[in-house]
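Going line by line, the protein sequences match chains A and B. When we follow the numbering used here, the leftmost residue of the first sequence carries the number 1, and every step to the right adds one. When we follow the numbering used here, the leftmost residue of the second sequence carries the number 1, and every step to the right adds one.
For the record, the hints were derived by calculation from the structure and aren't laboratory data.
Mimicking BS3-like on lysine-lysine, the simulated pairs with C-alpha atoms at most 30 Å apart in a straight line are:
| id | chain 1 | residue 1 | chain 2 | residue 2 |
| --- | --- | --- | --- | --- |
| 1 | A | Lys212 | A | Lys284 |
| 2 | A | Lys212 | A | Lys193 |
| 3 | B | Lys125 | A | Lys284 |
| 4 | A | Lys212 | B | Lys125 |
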Amino acid sequence: MAGTADSRTLHTPISPFRRWLISGRWTKAVVFLILAFFSFAMFYPFIWLLFSSFKTGADIVRLPVSLLPQKWTLSAYLMVMDPTRANLPIAYVNSIIVTSGTVISVLITSSMGGFIFARLEFPGRDYLFYFVLSTTMVPFLTLLIPLYIVMRELNLLNSLWGVWVPSIFSSFGVFLCRQFVYGIPRELYDAAKIDGSGDFGIYRNIILPLTKPILSALAIFVFLGAFNAYLWPLVILNEEKKLTLPLIIARMANRFGGTDYQAVMAGSVLVSIPPLIVFLIFQKNFVRGIALTGLKG
Amino acid sequence: MTTLQDHPVSGGQTLPQLPSARRDSVWRRFRRASPFALIYSGAILIFYTIIFIIPFGTGIWLAFQNWDFITNPKFVGLRNFTKAFTDQYFWQALEKTLLFSVVEISLGLTIALLFALALSQILGKWQNIYLSLYYLPVITPLVVSLYLWRWLYRPTGGAFNTLLSSVGLPEQPFLASPQQALWAITVVIIWAHLGTGIVLFLAGINDVPESLFEAARLDGAGFWQSFFRITLPLIRPVLVYQMVVSVIGTVQMFEAFFLIPGPGFSTRTLALYTYELGFRALNLGYGAAVSLIIFMMLLGATVFQLRRWRIEWEH
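Using the sequences and the accompanying hints, generate a full structural model.
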């Protein structure tokens, strides 16, 4: 509209390109292209990871290096997936056990805690809540050495239990769920109470379904945290058969040094797949979850 | 902590009690409380006793002892703390930690903010696609990213040096050089964490009412002017939150310095120093003392940041 009016008053024809330039819409296109370039730059390391994992041992150390494999091969994948030659398969099982255990326990304890600290009454409730919250002020690094000693006393060293136990409860999760439960109308709780429901029944039938949005967001973060955890499993586990995936990748990378690196690459690809699947499935919750947890937390 | 008080209903207030209920003794109130709540409270109390109170207490006790896991612990008073102040390795680790933390946070948050700003100019569908791409490094296990980058950083035959020499620039040693290793690692961590910052900033920017920009545009404000006058002040809470979280995160960063270290002590931060004292040198008392110093530093930094923010907020 504006363009046609201009051309009529100025009596000079304006090319579509000029009109586009004047409209200011080109800034958006430039921004778009810059972002496209940077997203490629950020993705660049992954391209190397993916292509290198299909190389042979000789190909990966060949000079000058080339991004694409000379001959595509699955030998690296076959090697790391073979239980007799690599411990990756058993680490996969270990990681899945620890991660699912952590996610399930945190979801249960957080949703219960959120409900209890927000709606139920008992003496010392708020003191207990603020105590739980205050534990986040102490960095994990400070607790590392003494917590190791405690785990040693409990005979939990070198077992997956020892990895799992410190993450049964999550003070962050309890806090998040408590904030969320405050957003659920109190009348729902009161009405169910009058109908004769017990507190656990109310939790099970009313609160749990209603806290689903926050729980799915929490689940993603707990999953990533547990699946990618390195320091605590490193301290607790040392037997090769009990290691989790990040530990195995680190051992493989250090053992193989520079040669056989294609196996490390193939292992890395396999290790990155579960978080990627979780991300793709819950993508919508993801962004919303980060906004929820980050800003309201 | 501040957000707690900001929240209108989070003080733990309950409905007004009947006068008779208020006069109840603690014992009565315990008996009236639901078993569900009491069992849960008992469980969480036991959990945090084992996982928090006992270790924290042990840590403080340990900081005043000399212990190597084998012989009996020996009380040494404040010696572990005074030792830290004369220990050149401690100061070196502190220096590396601060350098890494300050550069990672200032660069990382600035880049994230710029990306979020650019993304906010783009349509919703493409915004999500770009966002997912930027978020990939965040969901990738850090161990994977670190070894991948070490592979790309290789002095001979690494992807980055190939790239550099193909455009006529001199090849760099990266992780092999004491001067560059810390910054090489910083770049990896910025890359790995950028997505979180972008998502948070973008959420903040998208929350700013469009009418404010409209009004500013009518008053003749340019893009950058409305950014500094409107967007930046309004996303300040996000910025402060990110700074607090990033300080805690960067000071505790361990994997990077443990798995792809530079030569010598060039990338040994306090986190790695604590680990080495506790699990390599078996100097548990000194390790506990260093980790307590880290705790006090972080506590101080967090309180300082939040207080400064609150002062600015009130003006």
